[in-house]
Each structure stands twice: as C-alpha cells, then as structure tokens.
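Chemist: Protein chains in written order, with this note's numbering: chain L, 6 to 301; chain Y, 2 to 292.
Honestly, the hints are just simulated from the structure, not real lab data.
Note that CB positions come from ideal geometry on N, CA and C, so glycine has one too.
It is possible that some hints are incorrect.
To be verified - Derived pair list, reagent style DSS-like, types lysine-lysine, alpha-carbon separation capped at 27 angstroms:
| hint | chain 1 | residue 1 | chain 2 | residue 2 |
| --- | --- | --- | --- | --- |
| 1 | L | LYS192 | L | LYS208 |
| 2 | Y | LYS177 | L | LYS192 |
| 3 | L | LYS234 | L | LYS68 |
| 4 | Y | LYS191 | L | LYS11 |
| 5 | Y | LYS65 | Y | LYS121 |
| 6 | Y | LYS82 | L | LYS17 |
| 7 | Y | LYS121 | L | LYS17 |
| 8 | Y | LYS191 | Y | LYS177 |
What the hints assert, rightly or not - Derived contacts from chain Y toward chain L, CB cut-off under 10 angstroms, selection only:
| hint | residue |
| --- | --- |
| 9 | GLY11 |
| 10 | PHE14 |
| 11 | PHE20 |
| 12 | SER21 |
| 13 | ILE67 |
| 14 | VAL71 |
| 15 | GLY120 |
| 16 | MET136 |
| 17 | PRO164 |
| 18 | MET166 |
| 19 | LEU232 |
| 20 | ILE233 |
| 21 | TYR265 |
| 22 | PRO268 |
| 23 | LEU280 |
Each chain, written out:
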Amino acid sequence: MTDRRKEQRNNKWRDLAASLCFLSPSLLGVGVFFIVPFGVVVYYSMIDGVGTRNFVFLDNFTKLLSNSAFLMAAKNTLLFSALAVPLAVVLSLALAVLLEARIPGKSTFRTFFLSPMMVPVASVVLIWQVLFNYNGSVNEWISLFGADKIDWLQSDYNIYVVVLLFLWKNLGYFMILFMAGLANIPKELLEVADVEGASESYKFFAIKLRYLSPTVLFVTILSLINSFKVFREVYLLTGDYPLGRLYMLQHFMNNTFRSFDYQKLSAAAVIMAVVMVVLIALLFKIEDWFGKDVEG
Amino acid sequence: MKKKRYFSRGAMFVLCLVFSVLFLLPTVLTFTNSFMSESEIRSNYGMIFSSAGGGFVSEKVNLKFIPDKVTLSQYISGLIKSPNYLLKYWNSILLVLPIVILQVAIASVAAYSFTRWRGKIRDGVFFFYVILMLMPYQVTLVPNFLVSQWLGIINTPWSIILPGMFAPFSVFLLTKFMRRIPYSLIEAAKVDGANEWQVFTKICLPECRSALYSIAILVFIDYWNMVEQPLILLKDADSQPLSVFLSNINSGEIGLAFAMASVYMIPSLLLFLHGEEYLVEGIANQGSVKG
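Next up, chain Y with everything else stripped away, as it sits in the complex (with noise of 0.2 angstroms):
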C-alpha cells in the first residue's frame, strides 16, 4: 500500500517536472538567444524567419538555448545605438504607472463604499461592475473610441490612461478584500469618534496593505503587455508603448526582437519575483464572483 504511494507521488513530480519546462521554454529561449549575434540567430532561424542579409543559413531550423558565442551586441544595438527602443520604452512607463496608481487609488475608495454601506441598490451597483469588468475588449473597444473621440484625446496617452483608471476590476478584487477586515474594528474606531476619511485611511487602507500591493501587480502586468489599446487608439507610431513595438521589428532583426523582449520583461520579472506571494494571493483571492 505505502510502496504504491510512494511511487504515485514519484510518477506526479516527474509530471511536474514535463510541465515545468513546457512552460519555462519559451521565456528561457528568449533570454539565452537574446546574447546570440545577428549572424548566429541567421544561421539558426533563417528558414523561418526570410532576412534580407545573407551570409550562411543553416538548412534545418536550429532550436539552441546556448549561444555558440555569448555576445550583448543586440543589447548594445537597441539601447545604445538608436534611442528608438528607450523611448518606447519610456512611452510605456508613462502610459502604465498612472494606470495602476490611479486605477488603485479610485478602486480603494469605492471598494471602501461597497465593504462599509450595503444594500439591495449597492449590491446590484457592485454587480453591475462585476458584469462590466467580465466585458470583453471587443464590447468596451467601441464606447472608448467615440469618448476619446469627444473629449479630443484620440492619439494622446490619456486615450489609454482615461479609461483605465477607472476599470473595474480593482474595485471587484478590492472590495472583496476589505469584506474581510473585521467590523469591529470599524465600530470601535466609530466608537472612538473617528470620522469615515479617518476609518477608510487609519484603518481600511493599513489592513489591506498587502491587497493594494497584490493588486497593482495584477494590473501593472495586465497593462504592461497590453496590445489592442494603442492598437487603435495611438495611431502615432512614435506615442506606442514597446509592447506593440517589439512586434514591429521586422523579420531581419530577430536577435534584437530577443534582446528588447527581455529587456522589456525586467520589471515584471522583478515585480514577479519580490511578489509572487502577494501574486498568488490577489489570483486566489478572485475566487468567484460573487460578493
């Protein structure tokens, strides 16, 4: 009987094992080929990727995760050399860092009125937002058209940061958080005579710490690799932010696509690492849609 566990729970870690490099290929082949030179990826990925250059092709596609010869030149090439790259990269911090602090900011206020005040009317507002944020992007695509159109911040960041902000999915994970604090300590700090903006700021904010932070990952992430957005709403090629431009870089220049790309996950690697617990925590805590 114990032999048979024993092995079981062997047979599910090798399974873990197949899994776990499913996943991780294509992350670790972006960063190990991002220090190949132009000529090695050439000579690897030619058949597929027609490049203008010559030089020698291998016949057969050539899937390596270590470079013959490790080389920064692709990084030298897209952040030294054309400050192309550094701008978009700069264009997508500025779109996103408003996104999640305000998007956070505005959430924590509502969510503060959800958690403190209930009742038929605000549960059925809070599942009106619950239905807005399960709206695909094809439905909301239309409206935010025609309100950046009207308010005149078509091809401008505010087109993006705008609608954002006010998202409704950090109101949804918010609100479910702060359900959670006590209500006692609500009524004694009531007790003590404290006013709702010194509740909602000495009290709610301080316990849900940790919430706001799960929570501007899960955001930072979402709009950090978004693509339809600016897509439609930033027709300026120089406004874009990287993640739309990386797929711009045309089929000659794949070791620098590599190398761009893993420049361009070092803040969500960072954030994913130092927070993964608070990650992880933010996902779980989703859990159904109900309130």
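Chain L extracted, bound-state conformation (with noise of 0.2 angstroms):
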C-alpha cells in the first residue's frame, strides 16, 4: 500500500470521528427521546399485554381497525386534512400572487398575516365562541339577511369553523415559503415569456408552478402535519368528546392515555407513521415527476 493511500484512509477514519463528534449530542438525545422508545412501541404493538407480554403479531392492529371509536377519529382526521390541505396550499399560494404585486404597503400586509402566529390559543378559541356559538356574532350577522341561525360549534358545520381557523392561523406562515419560492424563479425565464407574449395564465403554470413544485410540496406536508395539530384548538373549543365530524385521533389518543391501554395505543401511533411515511413518499414522488425538468 503506498503512503499515500495509507494516509488518505487515515482522513477518512479521522473524518468520521470528529463527524460523530459533532453530531453525537443530537443523536444521542434523538436516539434515547425518538429511536429507541419508538421501538418500544412497535413491541408494545405486537404483544398482548405489558403483565404478560404474548407475541401476537398483528392482532392488536385488526382490534383497533376494528374499533369504532378509533375508525370514526381516523375518518374524521381524513375528512379534516382532505379539506383544511389543499385548501391552505391554494389561498396561501394566491396570497402570496397578491403580495407579489406592486401594491403600496407590503411589508406592513405581511406582518397582518403573520400575526395569528403568536396569538395564545386559549384567546383564539374564546374568539371564535363569540363568533360561532348559537348566539354569537355571525348568527347574529346572517340573521339580518334573514337566513336561520345555523349551531356551527354543535353540528356537522363545525368542521368548517375549525378548517376556518386553521387557515387563518396557518395562511400567513405558507404564504412566506411561497414568497420566497416565488422570488427564486429565474427572471430571464420570465423576461424570455414575456418577449414571446407569453400570456400571464401561461406563465403561472407552465413556469412559476413548476419551479414552485419543492414549495409546494413542502407546504403539503407542512400543513398535513398541522392539520393533525389542529386539536389544540378543537379540544379548547370542545372538550373531550365533541359532536359532530370533530372527534380526532388526537382525542382517541388521549382518551386512551386515560384507560392505560398500551397496546391499542401503541398500534394507532404505529399505524400513524406507516401512513405518514407513505404520504410523504408518496407526495415526494409526485413532485420528482412534476418538477423533473427544472430540477438542478
């Protein structure tokens, strides 16, 4: 072996200690907090019992996927990201149009839709009682047209009134990584366009959106996961067992915490993940295909 080679190895093994070095702190914690317990749980999901700790492989997963409570939560969270998901995508990326043109006072427009960031949760919630409850401000609103007074909180509309919220708590945030997205595009492509009378409709979709293709992938998956997070304001709002299309996983995870049922929820977080994983795989591949040709 020449010095040369030797030495050359000797950098890789030194590459990897201080590599390790650096990010050992990190992956410990992640190791100990995330990695390990979540192995717990996949073994938890598979056993009959903590006391008694039989292998049964899959038969807690069919007991849950045949749990009503569990179906309901799972149907309901579906309903809720379907909704609340391309809704966000599609007005956060429209604001963000709105912004991009040359209106008097952007910055100041920006700062008003990013305040519902900081606004406590428990005060959201209480504004939206005054808004939406039976006897609240846009029944009141709505009854100067003469319509009826509609129990927003109380019936099948209230997954609206919560997708409402959502978006107004969440717009603002997208709108930014659209923004940005959107000031990345290449201006000689625009320019090119324009010289070819491109018409506007065609730049937005034939240019911009495909350059946006990372973006709005990641306001995809960004907003699925605060679409699960979404109890926070439904749980204030509702309590722990509330009507209508409302009872999320988040409910039936917490309710089950309370009945110390281990292997029930252990396979709804495992199953919570597999499903996670294939829709970002999922949601990965679609924006590879989409966006393959101005990639790099």
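Each chain sits in its own coordinate frame; assemble them with the hints.
Modeler: Structure, rendered in structure tokens:
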C-alpha cells in the first residue's frame, strides 16, 4: 500500500470520528427520546399486554381497525386534512401572488398576515366562541339577511369552523414560503416568456408553478402536519368528546391514555407513522415527476 | 392597457385590506376587550358564556372593539390580587427558555456535522431527521411518555424540556443555512491551521448569527403556545404553563381571560416586532424538504 493511500484512509477515519463528535449530542438525544422508545412502541403494538408479553403479531392492529371510535377518529382526521390541506396550499399561494404584485404597504400586509402565529390558543378559542356560538356574532349577521341561525359548533358544520380557524392560523406562514419560492424563479425565463408574448396564465401555470413544485410539496407536508395539530383548538373549543365530525385521532389517543391501554395506543401510533411515511414518500414521487426538468 | 393595470392593482390592494381585517380581528379583539370591566364583558357576551354572576345581560351578543370605559381592573385582579397567573407565567418561562437555548445549541453542533461531512450514510441520517421532524405529535407522544416514565421524570418539567432539546426542527433548518456558507471560507481556515472546533466557533457560528436568531424565534413561538405536551406529561396543575392554564379560566371570567392572554402575548409580540425580518427569513429558508 502506498503512503498516499494510507493517508487517505487515515483521513477518512479522522473525518468519521470528527463528524460523530459533532453529531453525537443530538444523535444520543434523538436515540434516547425518539428511536429507542419508538422501537418499544412497535414491540408493544405486537404483544398482548405489558404483564404477560405474549407475542400476538397483528392482533392489536386488527382489533384497532374494528374499533369504532378509532375508525371515526381516523375518518374525521382524514376528512379534515382533505378539506384543509388543499385549501391552505391554494389560498396561501394566492396570497403570495397577491403580495408579489407591486402594491403599497406590502411589508405591513405581510406583518398582518403573520400575526396569528403569536396569538395564544386560548384567546383564539374565546374569539371563535364569540363568533360561532349559537347566540354568537356570525348568527347575528346572517340573521340580518333573514337566514336561519345555525348551530355552528354543535353540528356537522363545526368542521368548517375549525377549517377556517386552521386557515386563519397558518396561511401567513405558508405565504412566506411561497413568496420565497416565487423570488427564486429565474427572472430571465419570465422575461423571455414576456418577449414571446406568453399570457399571464401561461406564465403562471407553465413556468412559475413548475419552479414552485418543491415549495408546493413542502407546504403540503407542513399543512398536513399542522392539520393534525389542530386538535389543540378543537380540544379547547369542544372538550374531550366533541359532537359532529370533530372527534379527531388525538382525542382518541388522549382518551385511550387515560385508560392506560398501551397496546391500543402503540398500534395507533404505529399506524399513523406508517401512513405518514407512505404519504410523504408519495408526495416526493409526485414532486419528482412534476418538477423533474427544472431540478438543479 | 395601462388603465386596466392600475385598476387591478387597486383591486388587489382592497383585497389585501379585507384579508388584513380578517387576520387581525381576533388579536385586536383580545387586546381591546381586555380593558373592559367584568360587567361590560358580561353584558356583551353573557348570552354565550353563561356566567354565574348576575347583572345586566344584553339580549344580543355585542362584538365591541372599544370599551365603554377603559379599566385596568382585569389586569389588577389577574396580576396583583392572585399569584396564580404569575406563577404559571413563570412556569412557561422555565419550560420554554431552556428548550430554546438548548435546542439551538445542540442543533448548531449537529448542523455543523451535517454541513462539513457529506456522504451517502450521513445524508441518509439527515433525511431521517427530516422524517422525524415531519412526524405528527400523535406518533411521538407515546414514546415520549414511555421514556419519561422510565427516567422517572414524568410530572416534572424535564419530561417536556428533554425531548424538546432534541427536537430535529432546528437541526434541519440550521443545516440548510450552514450549507450556504462558501466552502472556501472553511478551507482557508483549515489551511491556516484551525481545528474543527475553531472552524465551527470562529467561522460557522458568526456566519449564521441571524439564522440562529430566526430559529430561536420560531422555536420560542412554537413552544410558548404548547398545549398537548403539558396536558399529558404534567398532570400537576401547579406546574403547568400559562398556555394550558389560560383555557381553564372559567366562563365567569372572560374579561380576565382576555387580559391574561394579552399579557401572555407580550413576549412573542416583542420578538415578532423586533425580529420580523429574521422570522421571515427563517420561514423562507425552509424552502423545500431536500437539503
């Protein structure tokens, strides 16, 4: 072996050691607090009880999939995400395009749109109650037009009220992401399109949207996660057992927690993790296919 | 042609104004209503929050921005008359500050590693961090709970601080920032005989000072308003942060709830106004999932 090769090899080991040194605090914490316990959760999801520890493989999953509370919670959560995510993506992109146009007070508007980020959940919930209670302001307003009062929070309408809350809270954040994406589109490309006489809609759909596809992917994933987080507001708005379509997966998890049924809980967590990974992989594939010729 | 453009720009401006009103309404309402007396609150919203006390209740709900009489009585009863809210406020600070400082500190070292040494396995680990970051809380909740139990830290602030310290969000974002530092800077330092730690502290950290600030703001705002974690990991009401306790204020004290929410908003509001540029930069640089 030549000296040079030896040196290269030494360098490689030194690099590995150094990179591990810097990464180890984080890796250790992630291992202890996320990876190892998640392994245990997977194990728990396949045994019949923490006391007996008999291996039952998929029994807990089949039991869970026939549990009506879980099914309802999963259905409601999916329904909510299916409503909220596309709306969030489209509306935040629209807001970003709106602010991209040269209008006065752009940065002030940006501040306003971002302001919901810092409002504590509790006061958001208070305001939403004032607005959407049966005796609340929205019903006052619609009765001015002669419409009947609607029980927004205690009927199937409540999911729309929460979608509205979700949009209000998240649009500003997503808008910033889209604005950054729009700013990264090469100017020359748009100028060429202008010279060639391309229409505004062509420029938007054929050029801008393709360059934005990584951002669209990111916003979709973020809003998917945030749509799972909306439980916070729902919980404070309607309590442990909400009516209508608001009984979410997190309600199911919380209520199962109280009964200490680790098998059920673990199986639910594993199912959610699998669904999330599949969804994310799927979104990646779509993005790859959609934006392949603009990458790099 | 030109005229039409002006018109559409005007329409866009009006649209922005309408959106602004919608976005600001809850925030402004919280602030202004916190200066109303309890009896005014009761007469305005008595129809909604069936309060125990008597007094005049208006038949219609009255969404009002400007109090009839500005009073600080809610603030006085929340902050001076009872120590409860200040205690919870203190709990919030004790939970959130360590998380912000330690998460950013640990993440900056890890991000340096992900920036400085690339390769299939290391990029794979980074991608794993991204996936972990994207897991909803429902998935990490059970693992969190189990570890807290094993370590015997359940019902103590550590059950929230320790997992918060290692949350992968900061690692992800900071790595994206650091990978933008020109490689020549690092190489020049190496040629001058600096070791890795010196490169990290003397070049990388100063280069991403604004990134560190913007990440700290994002993490702060996220944890300042947390609800799920304390709800499950801190059963003892005395140790819960104000973000959870705010919602326990009973329906007879809506005015108090507005006032305490306003006080609770102050730190994030100050950070927001002072560091908005950084905040926007922090969000904007998340860009896409891929490094």
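Chemist: Give a verdict on every hint.
Modeler: Verification of the hints:
| no. | hint | result |
| --- | --- | --- |
| 1 | LYS192(L) <-> LYS208(L) | 12 angstroms, holds |
| 2 | LYS177(Y) <-> LYS192(L) | 24 angstroms, holds |
| 3 | LYS234(L) <-> LYS68(L) | 26 angstroms, holds |
| 4 | LYS191(Y) <-> LYS11(L) | 21 angstroms, holds |
| 5 | LYS65(Y) <-> LYS121(Y) | 60 angstroms, violated |
| 6 | LYS82(Y) <-> LYS17(L) | 65 angstroms, violated |
| 7 | LYS121(Y) <-> LYS17(L) | 14 angstroms, holds |
| 8 | LYS191(Y) <-> LYS177(Y) | 22 angstroms, holds |
| 9 | GLY11 | 9 angstroms, holds |
| 10 | PHE14 | 5 angstroms, holds |
| 11 | PHE20 | 7 angstroms, holds |
| 12 | SER21 | 4 angstroms, holds |
| 13 | ILE67 | 16 angstroms, violated |
| 14 | VAL71 | 19 angstroms, violated |
| 15 | GLY120 | 9 angstroms, holds |
| 16 | MET136 | 6 angstroms, holds |
| 17 | PRO164 | 5 angstroms, holds |
| 18 | MET166 | 6 angstroms, holds |
| 19 | LEU232 | 8 angstroms, holds |
| 20 | ILE233 | 6 angstroms, holds |
| 21 | TYR265 | 5 angstroms, holds |
| 22 | PRO268 | 9 angstroms, holds |
| 23 | LEU280 | 7 angstroms, holds |
The structure fails hints 5, 6, 13 and 14 (numbered hints given earlier, in ascending order).
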